[in-house]
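Enquirer: Model the full structure from these sequences, guided by the hints.
Protein chains in written order, with this note's numbering: chain L, 1 to 137; chain F, 1 to 137; chain E, 1 to 137; chain P, 1 to 137; chain X, 1 to 137; chain W, 1 to 137.
Since the hints were derived computationally from the structure, they do not count as laboratory data.
Check before you lean on any hint, since a few could be wrong.
Copies of the same chain look alike in the list, so a pair counts if it fits in one copy or across any two.
What the hints assert, rightly or not - With a straight-line cut-off of 30 Å between C-alpha atoms, the simulated BS3-like cross-links for lysine-lysine are:
id	residue 1	residue 2
1	K34	K67
2	K27	K73
3	K34	K109
4	K112	K9
Just so it is clear, the structure is predicted and the values come from calculations on it, not from any experiment.
Protein chains: 6
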Amino acid sequence: MPKVTVHRKAHFNAAHRLYREEWSDDKNFEVFGKCNNHNFHGHNYELIVSLTGEIDQETGYVYDLGKLKRIIKIEIEEALDHKNLNLEVEEFKTLNPTAENIAVVIFNKLRKHIPLHLEIEITLYETPRNFVTYSGN
Amino acid sequence: MPKVTVHRKAHFNAAHRLYREEWSDDKNFEVFGKCNNHNFHGHNYELIVSLTGEIDQETGYVYDLGKLKRIIKIEIEEALDHKNLNLEVEEFKTLNPTAENIAVVIFNKLRKHIPLHLEIEITLYETPRNFVTYSGN
Amino acid sequence: MPKVTVHRKAHFNAAHRLYREEWSDDKNFEVFGKCNNHNFHGHNYELIVSLTGEIDQETGYVYDLGKLKRIIKIEIEEALDHKNLNLEVEEFKTLNPTAENIAVVIFNKLRKHIPLHLEIEITLYETPRNFVTYSGN
Amino acid sequence: MPKVTVHRKAHFNAAHRLYREEWSDDKNFEVFGKCNNHNFHGHNYELIVSLTGEIDQETGYVYDLGKLKRIIKIEIEEALDHKNLNLEVEEFKTLNPTAENIAVVIFNKLRKHIPLHLEIEITLYETPRNFVTYSGN
Amino acid sequence: MPKVTVHRKAHFNAAHRLYREEWSDDKNFEVFGKCNNHNFHGHNYELIVSLTGEIDQETGYVYDLGKLKRIIKIEIEEALDHKNLNLEVEEFKTLNPTAENIAVVIFNKLRKHIPLHLEIEITLYETPRNFVTYSGN
Amino acid sequence: MPKVTVHRKAHFNAAHRLYREEWSDDKNFEVFGKCNNHNFHGHNYELIVSLTGEIDQETGYVYDLGKLKRIIKIEIEEALDHKNLNLEVEEFKTLNPTAENIAVVIFNKLRKHIPLHLEIEITLYETPRNFVTYSGN
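Expert: In structure tokens, the structure reads:
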């Protein structure tokens, strides 16, 4: 059967701040610039989840996008939307919430719920001009 | 010569319905949900056709996008635009018109008209949030 | 208090067909072209609902957009999404479902649920290139 | 001379929280929902500044958009970008940073720098689906 | 009958240069900056034509958007697409091709072809961040 | 460490013309159509630069997008923005400025400034409907 990638878009809004606790304020500002602001700033994150696999001959689906929408809602949107990533999301208490790291966290959260014969790719827009892609390697 | 991918966007509007004739109404609704509506619903499909190959040294083109535009117009838009996919398009009389299957059908239609040294990839948006990609494997 | 317009986007997918029953097939085709197809075609309709009024001094809101989102969901999306407008939506059994008429129907449906001190404007995209605006006059 | 409106887009990222100090936590949550989160959340704000006036016969401009870009950069982006609106922006220490109020604040900040024969309109996207418009009345 | 605005998008690519012949190079550069480049630069202009009028009771249309599409194609796209506005378009031989002036020229070209009971508004994007609106006053 | 791709968008406006000096006018028009116009035409080019590599454990970055933004500004935007590609950009004095060739030139310019352990991919939109991708092979 032909192998197709199906994509589903979602989004969430969150606050974050980039810094390393063990660095001085000067070093943090030098590396992370405005993103180091102590009082946080925020983004409308746009997320694309992509699943690659063979088309099921009976349904014509690679994966039911309605089901994927519900998994994203429960596992990602409810965990991250309108949250302060540094203060309220377990994974980022010891991990800098850069777009790169958020994409890896989202990948790992979804990997547990998506059948293993399907490859996953995560695209995460932090702003309309800055975005990242991660596919689990 | 460098290998480049050239992309061309197009679109068409169509009605469709997802179902399997041999299934009960209940099973069809369970699997396809609102997309199973007997009276059809519809979409503005956005299509991206991508061709990969070496740049021609004389023209600087991988493939003339004006020519690709005309092939898409004749082979895809005239065949699918403002059509009911289930009732009026031969390929979908026995094949469920999911985005996955439509992408495969479009790939096969274009494959006959594009020189074989060029790889083809099809991206098809069913809605701004649901889309699929197929490259012929 | 300053007067501000607040806007909320939503969308729905539907099938429709443009025609007048009392006209001949030829006249219908002449006037409505491909949109007259007997077997229906469809669109992803994008909807913007705009409410204009004074900012409430206590909340800083003109109108709670979460509440507007729920009204649009119940009154518009559940009534029109994945429907065949001609066959399944009462208002279009005797009214041609042009973008203009759909915008007027949506306006009238929402007018009953939005406080009268707020002006309403409806913007409805039938395709990314064709859209209409209606504000109740 | 013909009257034309010229528009310039800009953007900034910020954190905020909606609440009234004198209300209970319950009432704040009831009115502002997830936007009331104590630890802030954030947005990529997209801003459109629109100026209406007569075309200058010599230049063909209503207003130099390069100049408008610099005014927006200094007065709006440097004041709001990567900031926590509640904690770091004077105007929102006593004013709820709803999209409505942010639009009014931006209008007032720009009004001082734009010649009085030009009308100003502010469009502010808080998310791609929620936005507001204000023109000074 | 309800008054509705119908909108149609189109686009064209063109080269232009902003300058006044009677000004020195220094003054031209001071006023028009990079847009004054002697060798021209260019844009993908996005155009929205908006017509306001009553819905026709028989068709449900304010104006047939297919017809508007053809008028825009002949009067605007064929006149401006892939052209050098300064050198090849009559109207701009003595008029600076700013976005403001191009919008006025497009308005005047269309006014002759659109019935007088319909109001016209022109929106012209010079870039995704700079655009203008003109409605004939 | 996980391998992630980070993307940064930028843009520039330029004029160009497609032709081969040694060909007749007829042959040039036959191959390049309207793009062969002697007086040039132009585009708003949208550029996406994508870098693939491992996440740095200390910063959580693959590459500082602020730094990438500055490199793109100096190496690409200042070299190409508001320029006539054929007349003013060294690389295109003997190379046809097709989207394919512009992407290759941008890739080569950036390759010198980006550490070698990072892969580069260039996506270049000539118009919203025509675009190309190049990753250095």
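Enquirer: All hints are to be evaluated individually against the structure, with a verdict given for each.
Expert: Verification of the supplied hints:
1. K34 <-> K67: Cα proximity of K34 and K67: across copies only (13 Å, versus 38 Å in one copy).
2. K27 <-> K73: between (37 Å within a copy, 25 Å between copies)
3. K34 <-> K109: both (29 Å within a copy, 22 Å between copies)
4. K112 <-> K9: Within one copy only: 19 Å inside, 32 Å across.
Consistency note: the structure conflicts with none of the earlier hints.
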